[in-house]
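Enquirer: Sequence:
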Amino acid sequence: MRYQGILPHMVSDRIQAWMRGHFRPEDLEPALDLLADLVSQEREDAAGTERVQAAVVLLSGGDSQRFLEAAALAWQDWRDVLVAAGLAHDDWRDRLNVELPYRP
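Take 136 as the starting number for the sequence shown in our numbering and just add one per residue.
To be clear, the hints were calculated from the coordinates, so they are not data collected in a lab. A couple of the hints might just be wrong.
[To be verified] Estimated spans, in silico, between C-beta atoms of each pair:
hint	residue 1	residue 2	range
1	Glu164	His224	28 to 34 Å
2	Ala223	Glu161	29 to 35 Å
3	Ala171	Arg201	15 to 21 Å
4	Leu163	Ala207	15 to 21 Å
5	His224	Pro165	28 to 34 Å
6	Ala181	Arg238	26 to 32 Å
7	Ala207	Arg159	16 to 22 Å
8	Asp225	Ala181	17 to 23 Å
9	Glu161	Ala181	26 to 32 Å
10	Ala207	Asp148	23 to 29 Å
The C-beta atom is built at its ideal place from N, Cα and C for all residues, glycine as well.
Turn these sequences into a full structure, and let the hints steer you where they fit.
Expert: If you want it as structure tokens, here you go:
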């Protein structure tokens, strides 16, 4: 696998799995590269990183143009992308478990 685990500056396995199922093959690698770089300076923990990255991919719905728009929003202010994706509240972990199920 290209990226493993949920270490800062990486993309979690479950986000990768979701992206493989929703993005066109030719868009996948560039999207993963951009997502790996999309780490808020204020959120250096792995869960915070995955939360912001998940917000971007969920907002995209697998569409590369919407992905770029969501990534731009996250670059501008990571809190805005969390609100837009519905991941700004305390139940965000539960929502990710529903939206991004991962079964190896």
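Enquirer: Starting from the hint list further up, note which numbers the structure goes against and sort them upward.
Expert: Per hint list: single violation, 6.
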